[in-house]
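**Q** As a plain string of letters, each chain reads:
Protein chains: 2
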Amino acid sequence: MKNRPTMNDVAAEAGVSQATVSMVLNQSQAGRVSAETSQRVLDAAKKLGFRTNVHAKVLREGKSRMIGLIGDEVATTPFAGEMILGAQQEAWRRGHVLLTVDTAGDSRLEQAAISMMQSYRVAGVIYAAMYHRRLDVPTGLSGIPTVCLNAQDPAGSVTSVFPDEEAGGRAAARVLLEAGHRDIGMINIGPEGSTLPAASGRLKGFIETLDAEGVPFRAEWLRFGTGGYEDGLRGGLELLTLEQRPRAIFCANDRTALGLYYAAERLGLSVPDDVSVVGFDNQALLTPMFQPALTTFQLPLAEMGRLAVAEVLNRGSETKRLAVECSPQLRQSVASVKVYS
Amino acid sequence: MKNRPTMNDVAAEAGVSQATVSMVLNQSQAGRVSAETSQRVLDAAKKLGFRTNVHAKVLREGKSRMIGLIGDEVATTPFAGEMILGAQQEAWRRGHVLLTVDTAGDSRLEQAAISMMQSYRVAGVIYAAMYHRRLDVPTGLSGIPTVCLNAQDPAGSVTSVFPDEEAGGRAAARVLLEAGHRDIGMINIGPEGSTLPAASGRLKGFIETLDAEGVPFRAEWLRFGTGGYEDGLRGGLELLTLEQRPRAIFCANDRTALGLYYAAERLGLSVPDDVSVVGFDNQALLTPMFQPALTTFQLPLAEMGRLAVAEVLNRGSETKRLAVECSPQLRQSVASVKVYS
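Heads up: the sequence lines are chains F and X, in that order.
Last residue of the first sequence: number 729 in the numbering used here, and the count goes up by one each step with no gaps.
Last residue of the second sequence: number 729 in the numbering used here, and the count goes up by one each step with no gaps.
The following block holds chain F by itself, in its conformation from the complex:
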């Protein structure tokens, strides 16, 4: 392995002093160096593959161009990657890099990560949850610009960026109403009374929209679950064998919708002819398993990541609550129903 070239090597190559190299490459007092000499230094640096030492720059400027990203359970969720990629791309675009720590839910590791990020003089920290929830921002972050990602800080001490779950529920209801459906059920992703934003928000937006459009929601067509395939299967078998059964079902995530598809198949019913289905999350790994293709909503993962970085770098004095809309992915699982008026 060859040694990294130093400023002295660049100086020797360019035939100038090390001080001149420093002025040019660090862009300090560069006006004191002629354009011709400056170009010679840049050419020499390029030829030798010299790279400035970022750490010296941090010491001069007192802050680094790193952004810390602390996430829980990044490894075990299919959503983390896109959020982190969106954050990284925005950071990169603004000349920053991400220093990412997956705490795997370990609070001691979280403390250590915060301490490490302080040592690295990060420009800010993105505190990310891998499923949308409310959380307390660790006190160790109180001295650092912080933004909650896919999470809400109920104390309002920092800006939060999260999916607009209620708007998602409203949009799901509209997709079914606009196709002419009136007999509409729902399988939720939390137990009854769940306060998880995705469960409570999607349910609230969905039911309120039906009620507002004169299609009152029937409680006997609501089932609860835990967001898993098996809840869709069980809830689907129950709802689809009722004497009076719904003709359309909103599953509050794609895994649940896949279970519902399976329930329909088992009962000899066809999607969408016998039952229309709307999912949520647009989970890529599941997409090919839906036949016919599932109408669902894309979580704004990359966009939330980008926004979080923008907020952590552009921080003003006020904290914000940024609810980002989920976009509809209209496919083949919703049949149009003739409405007799």
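Where hints are given, some of them may not hold.
Which copy is meant is left open, so a pair is good if it fits within one copy or across any two.
Said to hold, decoys possible - Within a straight-line C-alpha distance of at most 30 Å, the following computed DSS-like cross-link-like pairs (lysine-lysine) qualify:
id, residue 1, residue 2
1, Lys451, Lys726
2, Lys592, Lys451
3, Lys445, Lys434
4, Lys434, Lys451
5, Lys434, Lys592
6, Lys592, Lys726
7, Lys451, Lys708
8, Lys435, Lys445
Honestly, the hints are just simulated from the structure, not real lab data.
We have chain F; now place chain X onto it with these hints.
**A** Only chain X this time, still in chain F's reference frame:
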């Protein structure tokens, strides 16, 4: 937001000079400071929440305690998270942090990432592929200790850490042989002649083991695919409707196995009574969808991540090829068959 405390603040709190604080906190010439004074400085630093500036340490020591991790398509694979978590945990254990860049397959971003990591004086770089393949290590990394993760460097210029695909194929064959099966088919995850290690390695290990155990593999019971659910469905419908059909099928990944389950269900056949199934990857998101639970193999994702970090930090002069075994997850999809001898 309060300002970060400086060494001068610590010095004032402890009633000593800034030089003394520096000696104690940077552990340089600490022998020149009495134990009592040293403790006073440490107490003051703790009280004020002072943290050393890592960047100053890097400048003194000429190298950082960061390890770069460059990955392609991290965002879109279910395997990345566990690999990166394993790498992070090992890095952390050894006092290092990971600086991760997801290039999303963009070679210009990759060049920029390498350049950035040079500037940060990383101790080494892990060059990770999100699906196992052979690749060329970028020339920009030639001056930095580098390890390939979930990838093989055919040039042998750096150490490679990857799953032992052939051993996985052999183990899958043994699971079926030991249950008494003789009529055994396979649905592979690449097209015929694929040189992707997962496709070619699992196939080779599987067929060689059957042949070696006196159960010659029948070419008409082999199907190819692309690793998707639809390949398992199509291949399953073909294999299970042959006049002479296999009683056990190895699907070279779990998504394919899920398609095969669906094909069996559609044909009114039961897993494992009518057909035994072995998968590969142990993909967590799919696990609950297999009824009965699928016997499969766990990719050594976290272990490979740990090994890559260990290798990048403990580098010797020789490069290694470290093939890591996949571990069997024995569940309910393989029936024992009575063997008449």
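**Q** Compare the structure with each hint and give your call.
**A** The hints, checked one at a time:
Taking CA atoms no more than 30 Å apart as the test, Lys451 paired with Lys726 passes in neither setting, with 63 Å inside one copy and 71 Å between copies. Taking the shortest Cα distances, Lys592 and Lys451 never come within 30 Å of each other, neither inside one copy (44 Å) nor across copies (54 Å). Within a single copy, Lys445 and Lys434 get their C-alpha atoms as close as 19 Å, and across copies as close as 27 Å, so both meet the 30 Å cut-off. In this assembly of identical chains, Lys434 and Lys451 lie within 30 Å of each other by CA distance both inside one copy and across copies; the values are 26 Å within and 21 Å between.
In this assembly of identical chains, the alpha carbons of Lys434 and Lys592 never lie at most 30 Å apart, being 59 Å within a copy and 47 Å across copies at closest. Proximity of Lys592 and Lys726 under a CA criterion of 30 Å is satisfied intra-copy only: 27 Å inside one chain copy versus 56 Å between copies. Taking CA atoms no more than 30 Å apart as the test, Lys451 paired with Lys708 passes inside one copy only; the shortest distance there is 24 Å, against 39 Å between copies. Proximity of Lys435 to Lys445 under the C-alpha cut-off of 30 Å is found in both arrangements, the shortest distances being 22 Å within a copy and 29 Å between copies.
Violated hints, in rising order: 1, 2 and 5; the structure is consistent with all others.
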